[in-house]
Structures are given as C-alpha cells and as structure tokens.
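Enquirer: Just so you know, the protein sequences line up as chains X and D, in that order. Heads up, the first sequence stops at 541 in the working numbering, and the numbers go up one at a time, no gaps. Heads up, the second sequence stops at 1286 in the working numbering, and the numbers go up one at a time, no gaps.
Simulated from the structure, these hints should not be mistaken for laboratory data. Just so it is clear, the structure is predicted and the values come from calculations on it, not from any experiment. Heads up, the beta-carbon is just placed ideally off N, CA and C, and yes, glycines get one too. It is possible that part of the hints are untrue.
Computed Cβ-Cβ distance ranges for the label pairs, DEER-style [as the list claims (entries may be wrong)]: (1) D:Leu-1194 x X:Thr-8: 57 to 63 Å; (2) X:His-469 x D:Leu-1194: 32 to 38 Å; (3) D:Val-1264 x X:Pro-376: 40 to 46 Å; (4) X:Glu-251 x D:Pro-1199: 55 to 61 Å; (5) D:Pro-1199 x X:Gly-315: 34 to 40 Å; (6) D:Pro-1199 x X:Gln-149: 48 to 54 Å; (7) X:Asn-514 x D:Arg-1188: 43 to 49 Å; (8) X:Thr-335 x D:Arg-1188: 23 to 29 Å.
To give an idea of the interface, some chain D residues facing chain X are shown, with a C-beta separation under 7 Å as derived from the structure [to be verified]: (9) Arg-1174; (10) Ala-1175; (11) Tyr-1178; (12) Arg-1188; (13) Pro-1199; (14) Asn-1200.
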Amino acid sequence: MSALLQITDFSLGLAGRKLLDGVTLEVDDGESVALVGESGSGKTLITRAALGLFPDRSQRSGTVSVRGLDTLTAGRRELLRLRREHASMIFQDPRAGINPVRTVGDFLTETLVRWHGLNRAEATAQAVEQLERLGLRRAEELVAQHPHQLSGGMLQRVMIAGALLGSPELLLCDEPTTALDVTTQAGIVALLREARQERGMGMLFVTHDLGLAASLCERVYVLRGGKVVEHGATRQVFLAPKEEYSRQLVEATPVIDPGAAPHAPELPEDAQPLVAVEGLGKHYGLRGGGTVTALEQATFRLPAGGSLGVVGESGSGKSTLARLLVGLETASEGTVQVEGSGRIGHRLRTAERRRLARDVQIVFQDPYLSLDPRIPVGQAVADVFRLHGKEGRRKAKESARELLGRVGIAAERLGDKPRMLSGGQRQRVALAKALAARPRLLVLDEATSALDVSVQAQVLELVEELREHLGLAILFVSHDLAVVSRMCSELLVMRQGRIVESGATARILADPENDYTRSLIGSYPRPLWETESLEAESAAP
Amino acid sequence: MTTLTFQLPQAGLRRYGSLLSPLAWIALAFLAAVVLLALLAPVLAPFDPDYVDLNNVLAGPGAQHLLGTDALGRDLLSRLMHGGRTSLLAPAAVVLGSTALGLLLGLAAGWSGGWAGRILGRIFDLLFSFPALLVAMLAVALFGKGLVAPILAMTVAYVPYVARLTQSLAAAERARPYVQAYRVLGFRTPWVVLCRVVPNLLPVVGAQSTLNFGYVLADLAALSFIGLGVQPPTSDWGAMIEESRGALLGGHALPAFWPALAVVLVVVAVNVLGEELSERIGGGLR
Chain X
1 MSALLQITDF
11 SLGLAGRKLL
21 DGVTLEVDDG
31 ESVALVGESG
41 SGKTLITRAA
51 LGLFPDRSQR
61 SGTVSVRGLD
71 TLTAGRRELL
81 RLRREHASMI
91 FQDPRAGINP
101 VRTVGDFLTE
111 TLVRWHGLNR
121 AEATAQAVEQ
131 LERLGLRRAE
141 ELVAQHPHQL
151 SGGMLQRVMI
161 AGALLGSPEL
171 LLCDEPTTAL
181 DVTTQAGIVA
191 LLREARQERG
201 MGMLFVTHDL
211 GLAASLCERV
221 YVLRGGKVVE
231 HGATRQVFLA
241 PKEEYSRQLV
251 EATPVIDPGA
261 APHAPELPED
271 AQPLVAVEGL
281 GKHYGLRGGG
291 TVTALEQATF
301 RLPAGGSLGV
311 VGESGSGKST
321 LARLLVGLET
331 ASEGTVQVEG
341 SGRIGHRLRT
351 AERRRLARDV
361 QIVFQDPYLS
371 LDPRIPVGQA
381 VADVFRLHGK
391 EGRRKAKESA
401 RELLGRVGIA
411 AERLGDKPRM
421 LSGGQRQRVA
431 LAKALAARPR
441 LLVLDEATSA
451 LDVSVQAQVL
461 ELVEELREHL
471 GLAILFVSHD
481 LAVVSRMCSE
491 LLVMRQGRIV
501 ESGATARILA
511 DPENDYTRSL
521 IGSYPRPLWE
531 TESLEAESAA
541 P
Chain D
1001 MTTLTFQLPQ
1011 AGLRRYGSLL
1021 SPLAWIALAF
1031 LAAVVLLALL
1041 APVLAPFDPD
1051 YVDLNNVLAG
1061 PGAQHLLGTD
1071 ALGRDLLSRL
1081 MHGGRTSLLA
1091 PAAVVLGSTA
1101 LGLLLGLAAG
1111 WSGGWAGRIL
1121 GRIFDLLFSF
1131 PALLVAMLAV
1141 ALFGKGLVAP
1151 ILAMTVAYVP
1161 YVARLTQSLA
1171 AAERARPYVQ
1181 AYRVLGFRTP
1191 WVVLCRVVPN
1201 LLPVVGAQST
1211 LNFGYVLADL
1221 AALSFIGLGV
1231 QPPTSDWGAM
1241 IEESRGALLG
1251 GHALPAFWPA
1261 LAVVLVVVAV
1271 NVLGEELSER
1281 IGGGLR
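So here's chain X without its partners, still in its complex pose (with noise of 0.2 Å):
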C-alpha cells in the first residue's frame, strides 16, 4: 500500500533549466508535512504536480501518485476526478483564488452542485455549517457577500471552507498565512490543524517560514534549487540539523527572544534628541464626506544613536509615521522635530527636502519597486553623492563604488541594472543610495520583509554593522516582532493608529503590559514540541 501523496524521483525541465531534481517525497494519511524553501526552490512546482497542474512546455520523469494515480500520466478526467475528490489545494492570496463578482456562496456551492448533485439550498447548508464549524460568525449573511466584502483573514477561511467541502483526502497549503498578520495567521493554523486531527487528512503544508512549518507539522522537508536536501521529524530537523543549508536556514529564522534584545547606549541625561515627535496625527479625508484616522496622538523621542522598533498590523499606522518622518506625508496634527532640520510634517520646499534629506533617510520594502528601473547601480548612488556631497562626475563614481562595496556590491557589478541583481542585493543598493546621503537616521520601512530569511538575515546583519560604524539611529519599521526585537533596544507597538505600548524591547517581551502586545507575541509560531510540552505541563496536576 502506497502513501496518500507519493512523489517518487520526479524532475521537471524548463526550456533546459532543470526546475526539479529527483524529488522524493510521501504524505501518509493524517500526516501533515511542510515543504519550506526560499523562493525559487520548487515549492510551489511540486504542489501543484500534486493536482496535475504543470508548467506549459515542460519535460517531466519519475511519478507524482496521490492514491495510486499518477498525474503525470493520468487523463484529463482522471484528473478532474482527483482534484474534486481526493485533494484540494489552498493558495497564498485568498483574493486572486475567488471571483470577485459573484459570491461567497457561489463559490462555495459550485463544485456541490455541479458534481456532487446537491440542489442548491442543500449546498448552501453545507456550506454555511462548514463555515460555521471554521469559526465565522453570521454565516448566512456571509454566503450573500462579495469578497470585496470581507477581510484577508475571513476571505482565507472561506478558501478553507471551500478546499475542505469536498472531503478532501489530501490538502495542499500553499502558502495560506503568508499575506495575513501575525494574530490572524495564528488562527488560521489553529483551524488548519483542527481540520487535518478531525478529518484524518493528509496535509502538505508550503512555506519559506520554518518556525510556522514547525507550528504545524511532524514532519518536514528542506527545499533547495529543486532537490530535496534535508527531511525527517521537524523537531530533529530544527534542533540538530544534519545538512548545512538547513542550519543556515534555521540560525536566519528570527525568534522572539527577550534576552537577545540589543541594550539601549548609555547617554547623557540632558542629551537632544535627535527626533522628538509630539502628538502626531495623521486622518486622510474621504471623497464621500468623513475622514479615515491613520495615526493619532503618537508621541516618541528618539536619541541620537538609538534604535526604536515599530511593530504592528497591516493598517495600525506604522508606514504613515514612517512616511511622515522622511516627508512624504504632511500632518494633520501635531510636530515632528528633527535635530538639525527643525519642524517638519509640512508640506517641504526643496531646500528644505534636501536639508532633512541629509538627517532622515528611507529604505522601502520592496527593492524590486524602489530602484528605478532603468539607472544602473552605481550612478544612482553616484547621483547621490553629487547631489549632497557635491562631489564631481569621477569623484562620485568613486564614492559610489567603495560605498557599494562596503554594503557587498562588487565594483563589476556597477553597470548593472537593478533587474539584473537579486531581492537582497537590490536592498544593498537600496541601503546605499539612502546612506549616500550621509543621514543620521535611517528609517526601515519592512525593508527586509520582502527577502527570504536567509537573505534577510545577511541584511540585518549588514544594516547593524554599518549602524555601529556609522553611528546612525535607526527606526524599524516591520510586522516582524522578532526581526525588530533583535534589532532595536526601545520599541513602539502599534494597533489602529495608535501607540498601546512603548518602552524597552526586552521589558516588553518578556512582560507585556498590553493585551494587544501580549496576544501579538502569543500568536508568534511555537514548534509544536515546546508547545505540546507546555499542555502536558498544564494538564498535569
């Protein structure tokens, strides 16, 4: 008897680049088993052999059966049948998975009644008790809504909903959590994991972020360049890793850690600071009448020298304070200071852009977006350097090159566009056409949030060793609040535009005073061992 999910020796070609290389992988009954590798590893490839869905154009070998059926060999209705019996598959973005005109409902019941023979009201039972049993409240008005309707976290129950109406034997997660904050994302793993222990299913669980696989799954397997490098119990896999890419892999996975916080430096008691801001508040008016408040009352000082992280959710406002700090944004109320440059938060002449160009910089999260496409690397920093440093044509050339090469960009690299470089090194270009300025702070908006963790990892490293020679503050700005507590002494916890929580990082972690604070830290991926180890530690008497 074979396993649910049996990929056996299975590789995949692509217009002569080999995507896959001898892929051996099963997924017994019951068994959840994570898939993590960065991005370009194949993860997404093998999930969707699962269903018999390959690239076009591709030579495939080896075998990829789901109970005994091949889908490299199998007919187009054999597939048909697999896909609405025996696996279902749950995607990234829940928005481009649903057709956002017709309902909640229609998507629910269409495979219902269309294969399974229901009558549309039966379906429609069916599906608002799935919903139900998936923890969303008010399920009838529910299955009349729109997915424009509904938030990210609720849009991915509904795709839950819908992968596990069909009775699924097999569930193939790809990436469900990634695009959803952190609190929300701990309940959908909740649900996931409820789901797979009630139903017995099998699960196949994608993911770069190997604490969450470790949140999830017994097992695990090690994607790299398409081969499988490493796999065995996650637990082992995690604390004792065998192969050298997984330790790496493990040692850049940020953890929550109130030891490792970095100390505050000791300054002089009637020190400047370098940023004081008070009572700062931003609302934006609406076209209807009405205004949306996306930052308010937020008030902070922050030395020279000092590291202040910002934590919070998609929509608490910590991109608006970041904008308003390098004056992309104008404030609705109350005053930035910055040391040097005076008040900002209005609208700025140029002379004063330039200024407080030359205190506050700006690193943005997506590399791929904030390098112009068509200006190779080394004169964009170059333009920096003869704009500030007034430095002439061969001059600047030359900053640019050592400054580059400071951050890890080799000089033969120079010419390049930024298309031609990867995410990380895109970032370093990033970091050093913001210091080019020679600013005193630097601000990072999610400026590592678009990197695998490897990646990441060198990043932060770079930007805490250029932070020590430099000399600059940094305000980090991310969702990650492990990634910001290993790097900022005092942090700010944000939740609708407003600050609940301030002060040490390492106070904070280890004793929250906030519930907002505490439930975001509880919703922090545990490995399964540690947390499996805590029930057993509170049922015991």
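Got chain X sorted already, so can you dock chain D onto it with the hints?
Expert: For chain D alone, kept in the frame of chain X given last:
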C-alpha cells in the same frame, strides 16, 4: 482608433532588446525600404516626376515605365517615390509635434494631479471628440489650402492620444517607491520628472505614437484626395489617387492603384510594428 491602455509593468519596462517577431521584422524592413526610396528619390527616380509626356499617356507597366504612366504621361514610379517624401514627412512632423506636446501636457496633468490635472483631462476629452480630419478641414477653411495648416491642426488633434496616456502613466509612476525615494533623497522635482521618469515612459508613449503615424498618414492622404491637402503638381499619394479619378472611370485602374497600395501597405506595416511594440511592453504585466 485605438488608444493604448495599460500600466507600466512592475519592475520597469521590458526593453526592445529581445528579438522582434518575424512579421515585425518584415514590417520594419519594408518601412525602411520605403523611407530610403523616398529619401533618395531625386537620385534613384528614373524620370522627373512632373515631366509631362502626352505621347505616352496611361501606358501600362513596361521596360521604360516600370509601373506605367498617368493620364498626363508622367512616370508613376517616379511620382510614387517623390510622393513618398511628402506623404511620409507630413505625418512624421505631426507625430513628432503631437508626441512632444502631448508628453508635456500629460506630465503636467498627471504629475500635478488635483484640480489642474482634472481640468486638463477634461480638455483632452474635449479634443478627443473632434475627428482629426474634421479639425484639419476646418484649418484649411480658415488658413487656406496646402500642407502647413492641416499639419498644425492634426498635431493638435493628436495631442490628446499621447497626453491622456502620459497622464495616466505619470500619475501611476509618481506613486512608485523609486520616485518617492528620489523625493526623500532631496532631488529637484523637475529633474526627477524630465531626466528619470520621462525616459521610463518613452517606450510606451513611443508605441502609441507609432500607431498614430499610420492614422495620420491615412488622414492626410484623405485630405489630399479631397483636394484640400497637397496641391498639384506636387506629387503626393493622396493627391495621386485624386488625380487618377478620371482615368479610373475610363477603365485605367493602375494610376490610382499604386499610390493606394503604398498607403495601405505603409499603414499596415506601421500598425504591425506599433502593436508589436505595445505588446512587448504590456507583456511585462502578464
């Protein structure tokens, strides 16, 4: 008439660098040949295009007159080659003028946003609603026959095609992180717009302008055909068709056929090329 509607792909534009399709290569080669023939007409043309030979009217294609002669005995091939000069130059002038003007106005509208942008947008819409040919005829009625008035009129009439496109592209580009990075770094806005953003928009705008060239060519030929554009004896494809009406009614199709074929082939080639370019750029989206 089509207006290109798409956004710039996320990570900047695909370059023209990769190879064109075979069909686009053929179109490009054909256009290059036509332009070369028109440019070198004074050297290459076998006859003076205006030389009247009444002993040899409406001759069929032969060894002496490769494409035959018209009702006045003028060599059709020579007239076609010389006619290409005005027929191609005039639309080129219109396209250059409307692209430059459209870019400027579109940038002004897209970058400023707000009420100024909205008002400019409405003005473009207003201009859209006048057919270019009609505007050109009006200009002729006001300023007299000839090519100068219609060229100026068509330039204005084609501005909104470029301006509307530029406006939407510029507005999208303005919100891009890389543009914001320039702002934060303290670069002057005019420098950012003209030296950094415009070059990123040019490929898309260029594709639209290439398509416009074909339309303008056909419009101007039509204008000459109804006798309002190029005046005799200057040779022009539209005017040649018009002059051949009498011969056409007399059963001699060739004098009208050659210039008509030239117009059709050039317009088709330009369209093939324009579509290819826009697809290549838009392809980055998918």
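Enquirer: If a hint holds in the structure, say so; if it doesn't, say that too.
Expert: Verification of the hints:
| no. | hint | result |
| --- | --- | --- |
| 1 | D:Leu-1194 x X:Thr-8: 57 to 63 Å | holds (60 Å) |
| 2 | X:His-469 x D:Leu-1194: 32 to 38 Å | holds (37 Å) |
| 3 | D:Val-1264 x X:Pro-376: 40 to 46 Å | holds (44 Å) |
| 4 | X:Glu-251 x D:Pro-1199: 55 to 61 Å | violated (43 Å) |
| 5 | D:Pro-1199 x X:Gly-315: 34 to 40 Å | holds (36 Å) |
| 6 | D:Pro-1199 x X:Gln-149: 48 to 54 Å | violated (42 Å) |
| 7 | X:Asn-514 x D:Arg-1188: 43 to 49 Å | holds (44 Å) |
| 8 | X:Thr-335 x D:Arg-1188: 23 to 29 Å | holds (26 Å) |
| 9 | Arg-1174 | violated (12 Å) |
| 10 | Ala-1175 | violated (10 Å) |
| 11 | Tyr-1178 | holds (5 Å) |
| 12 | Arg-1188 | holds (6 Å) |
| 13 | Pro-1199 | holds (6 Å) |
| 14 | Asn-1200 | holds (6 Å) |
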